[in-house]
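There are 2 protein chains.
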Amino acid sequence: MVEPFDVVDLIRAKRDHGTLSSAQIGWMVDAYTRGYIADEQMSAMAMAIFLNGMERTEIHDLTLAMVASGERLDFAGLTKKTTDKHSTGGVGDKITLPLAPLVASFGVAVPQLSGRGLGHTGGTLDKLESIPGWRASLTPEEFFSQLESVGAVICAAGAKLAPADGKLYALRDITGTVESIPLIASSIMSKKIAEGTAALVLDVKFGSGAFLQDPAIGRQLAETMVRLGTDAGVATVALLTNMNVPLGLAIGNANEVRESVEVLAGGGPADVVELTLALAREMLALAGHPDADVEKALANGSAMDTWRRMIVAQGGDPDAALPTPQHTQVVTAPRSGVLVRQDARPFGIGAWRLGAGRARQEDPVQHAAGIDLHAKPGDTVTAGQPLFTMSTDDDARFERALEAIEGSYEIGDAGTAIQTGGALIQGRITA
Amino acid sequence: MVEPFDVVDLIRAKRDHGTLSSAQIGWMVDAYTRGYIADEQMSAMAMAIFLNGMERTEIHDLTLAMVASGERLDFAGLTKKTTDKHSTGGVGDKITLPLAPLVASFGVAVPQLSGRGLGHTGGTLDKLESIPGWRASLTPEEFFSQLESVGAVICAAGAKLAPADGKLYALRDITGTVESIPLIASSIMSKKIAEGTAALVLDVKFGSGAFLQDPAIGRQLAETMVRLGTDAGVATVALLTNMNVPLGLAIGNANEVRESVEVLAGGGPADVVELTLALAREMLALAGHPDADVEKALANGSAMDTWRRMIVAQGGDPDAALPTPQHTQVVTAPRSGVLVRQDARPFGIGAWRLGAGRARQEDPVQHAAGIDLHAKPGDTVTAGQPLFTMSTDDDARFERALEAIEGSYEIGDAGTAIQTGGALIQGRITA
Numbered sequence: 001m002v003e004p005f006d007v008v009d010l011i012r013a014k015r016d017h018g019t020l021s022s023a024q025i026g027w028m029v030d031a032y033t034r035g036y037i038a039d040e041q042m043s044a045m046a047m048a049i050f051l052n053g054m055e056r057t058e059i060h061d062l063t064l065a066m067v068a069s070g071e072r073l074d075f076a077g078l079t080k081k082t083t084d085k086h087s088t089g090g091v092g093d094k095i096t097l098p099l100a101p102l103v104a105s106f107g108v109a110v111p112q113l114s115g116r117g118l119g120h121t122g123g124t125l126d127k128l129e130s131i132p133g134w135r136a137s138l139t140p141e142e143f144f145s146q147l148e149s150v151g152a153v154i155c156a157a158g159a160k161l162a163p164a165d166g167k168l169y170a171l172r173d174i175t176g177t178v179e180s181i182p183l184i185a186s187s188i189m190s191k192k193i194a195e196g197t198a199a200l201v202l203d204v205k206f207g208s209g210a211f212l213q214d215p216a217i218g219r220q221l222a223e224t225m226v227r228l229g230t231d232a233g234v235a236t237v238a239l240l241t242n243m244n245v246p247l248g249l250a251i252g253n254a255n256e257v258r259e260s261v262e263v264l265a266g267g268g269p270a271d272v273v274e275l276t277l278a279l280a281r282e283m284l285a286l287a288g289h290p291d292a293d294v295e296k297a298l299a300n301g302s303a304m305d306t307w308r309r310m311i312v313a314q315g316g317d318p319d320a321a322l323p324t325p326q327h328t329q330v331v332t333a334p335r336s337g338v339l340v341r342q343d344a345r346p347f348g349i350g351a352w353r354l355g356a357g358r359a360r361q362e363d364p365v366q367h368a369a370g371i372d373l374h375a376k377p378g379d380t381v382t383a384g385q386p387l388f389t390m391s392t393d394d395d396a397r398f399e400r401a402l403e404a405i406e407g408s409y410e411i412g413d414a415g416t417a418i419q420t421g422g423a424l425i426q427g428r429i430t431a
Numbered sequence: 432m433v434e435p436f437d438v439v440d441l442i443r444a445k446r447d448h449g450t451l452s453s454a455q456i457g458w459m460v461d462a463y464t465r466g467y468i469a470d471e472q473m474s475a476m477a478m479a480i481f482l483n484g485m486e487r488t489e490i491h492d493l494t495l496a497m498v499a500s501g502e503r504l505d506f507a508g509l510t511k512k513t514t515d516k517h518s519t520g521g522v523g524d525k526i527t528l529p530l531a532p533l534v535a536s537f538g539v540a541v542p543q544l545s546g547r548g549l550g551h552t553g554g555t556l557d558k559l560e561s562i563p564g565w566r567a568s569l570t571p572e573e574f575f576s577q578l579e580s581v582g583a584v585i586c587a588a589g590a591k592l593a594p595a596d597g598k599l600y601a602l603r604d605i606t607g608t609v610e611s612i613p614l615i616a617s618s619i620m621s622k623k624i625a626e627g628t629a630a631l632v633l634d635v636k637f638g639s640g641a642f643l644q645d646p647a648i649g650r651q652l653a654e655t656m657v658r659l660g661t662d663a664g665v666a667t668v669a670l671l672t673n674m675n676v677p678l679g680l681a682i683g684n685a686n687e688v689r690e691s692v693e694v695l696a697g698g699g700p701a702d703v704v705e706l707t708l709a710l711a712r713e714m715l716a717l718a719g720h721p722d723a724d725v726e727k728a729l730a731n732g733s734a735m736d737t738w739r740r741m742i743v744a745q746g747g748d749p750d751a752a753l754p755t756p757q758h759t760q761v762v763t764a765p766r767s768g769v770l771v772r773q774d775a776r777p778f779g780i781g782a783w784r785l786g787a788g789r790a791r792q793e794d795p796v797q798h799a800a801g802i803d804l805h806a807k808p809g810d811t812v813t814a815g816q817p818l819f820t821m822s823t824d825d826d827a828r829f830e831r832a833l834e835a836i837e838g839s840y841e842i843g844d845a846g847t848a849i850q851t852g853g854a855l856i857q858g859r860i861t862a
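Residue numbers (my numbering), protein chains in the order written: chain A, 1 to 431; chain B, 432 to 862.
Please note: incorrect hints may appear among the correct ones.
Which stretches of chain A does chain B cover? Using the computed rule of at least three CB atoms under 8 Å from a CB of chain B, they are [said to hold, decoys possible]:
hint	region
1	174-187
2	387-401
Some chain A residues flagged as far from chain B (calculated, every beta-carbon gap over 10 Å) [claimed, not checked]:
hint	residue
3	Ala44
4	Leu78
5	Arg335
Hint data in this document are derived by calculation from the structure and do not stem from the laboratory. Because the structure is a prediction, the values reported are computed rather than measured. All C-beta atoms in this analysis are idealised placements derived from N, C-alpha and C, irrespective of residue type, glycine included.
Full structure from sequences and hints, please.
This is the structure:
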């Protein structure tokens, strides 16, 4: 075929602060998916986009071109309304686990296509795979049938949704071009638009445990994504949430499932409950249930019931014992006082090094590895009291995990300011 | 081996306007040469360098790291002093052909390692290959022996000199990262330093027919390269020259050889003679002959004698007929007046499209293809008089060549300002 554009011209245009047309972006994404544009050319383009940015129209065109690079799911045949959630990722972020069944318990469909963890943030599928028998891969028929019967599905996204994004994301990871608003926004939204959900709630995290440190940049990303979703016909709302402190007490895989089940049983750490409820209310409001009593659904067991049905539908045994670690090591408080700081990222890296995460896409994870916190910022502690427990199947890992965590928490005198960066939910962005 | 750095960290540092250390740059170039750093990573780095620039120390380190990636020639065994010239490339730039024998006729050695043309600027080796029998490849022994006996050698640079530069240059060509001062300067100077010459004169061109349009940027590039050469122990001087108008009357291969022989015979176009003499004086001054009478060497045949010996030494027949084209087409003046504009780049592209240049490295060139100008800016022309002749072996090429050239020349009334961008030689940069 005769190519309508020369990729070097397009790279030079973006390099020189130009704006790419719809036709140029559409061709570029298609040519990259076909392999006509080489990875080295796309990575120069990604760096030029990273440094020179993209106009609103370009981000829009890039997102839709990535959607068009693959299949687009269609839920028109479902009797239920679809509503979904996406988090930009954080430490201890297991919210999808209690959230999907909670929302589905109101008779709506939650088609949660998830990924695996890479780096210091965990992956939803890795967590659920610690449940004996549970499987992440469903056929399209199983997926639709479970959405209709149970309502909640958490499963692996197929490679057929937005394949251009899959290719570009892998490239960005090795070329230092991840933290760019146009590239993050188009990556997330192309997958979600291709997934076909009618409504979407975004949990955009900022702070030490998130991809973006700065709340102002987080807000910009949230605004960009809400606009992209709305323009594509997906009812989209975003919450801007604080990821400076780990979410909940569990960081890992099996321990995060355990904590999620506590929430579904009406207990669990206050921050996990708060965020689960807030996101559930948003998802349900977008699906036509603005007055849903989500606290009641946790209290009366209906969310738990949906969880159990969801696990069973995917081959899992909700009553089976979860894996336990071969080695644990407890770290105690060196002095008495108040825990004033507990920095999310080092704890995320620590859990990763203990075996909860993977360095390469093909590595396995240890389902029982991770960290259990015994105190949160603001808690009073006494010298010698356990602060956190590290778990792993390989005790050589404790040392490097501790290296990461060292200096990331602090005990101060009573009255010292608590360094958490403020409230958990710091903003709500709508179209 | 355990790598001391992570390339993604280095890309991110440059992306975020950081300065890379000597150790980081040295490792990066070595790891890229070894294939440990992937092309897509290096192209992201090249774009980050393009957009964020490099400190003086970084350019220095990059240049020396590329020198260290391969062999470095050593002329200590020669009885003659070495002096060389490099041009950043232009349209009709055949200066190396008369210059090398002219300078060598004073008893110095000119080890001119040259390349082939790519794009709209021609290649010295392509031009010389229009001489029947002449060959560009010499063994190291032939190269040294000819330097000692004839003094002038124009031959192909081996792949062993600065291989990192060869790899990076090929990458820059397809990723829109060519026109960057740190990358151009380190590319040129790494090859020249590896080549081992004691003295170097740079012909840094600006204007429509050059890589760099802007004389101020040309001056910056010249200053950067003079500093790099001087720091590496190579006596280096640069001339800043105007490339808005084609050099001489011939653009192509065989016709440029013909014009070079005219200069060596004491004739030739005034601009080609002027630049040849100026560069020869600089090269000879750096080699200890500040008072060499270069005009006399052209007039008395000693430069021509060296030319003939140089061609014969490389298998060529200086008396053989040069190839002639199968088709020619003459373009005449549409009106009478003064030729006020003749834009170098479109004529370079025209000659390229006629077959004088190549689109891909592996393409052959047509030695008889090109353009012969019959008038230069400032000349009075009458309607119907030939302005230029196009030559090719494939008459389907005339149309696209004319498309390139159309609108690139202008005939005005007597007294209209001549648009050439001023004098040929516009600056001289020394350490």
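Structure-based check of all given hints:
1. Counting residues of the region 174-187 of chain A whose C-beta lies closer than 8 Å to any C-beta of chain B gives 4; at least three are required, and the coverage claim holds.
2. Here the region 387-401 of chain A counts 0 residues with a CB under 8 Å from a CB of chain B, which misses the bar of 3, and the coverage is violated.
3. Its beta-carbon lying about 4 Å from the closest one in chain B, Ala44 of chain A breaks the requirement of being farther than 10 Å from that chain.
4. No beta-carbon of chain B comes within 10 Å of the beta-carbon of Leu78 of chain A; the shortest separation is about 41 Å.
5. Here Arg335 of chain A stays apart from chain B, with its beta-carbon at least about 35 Å from theirs, past the 10 Å limit.
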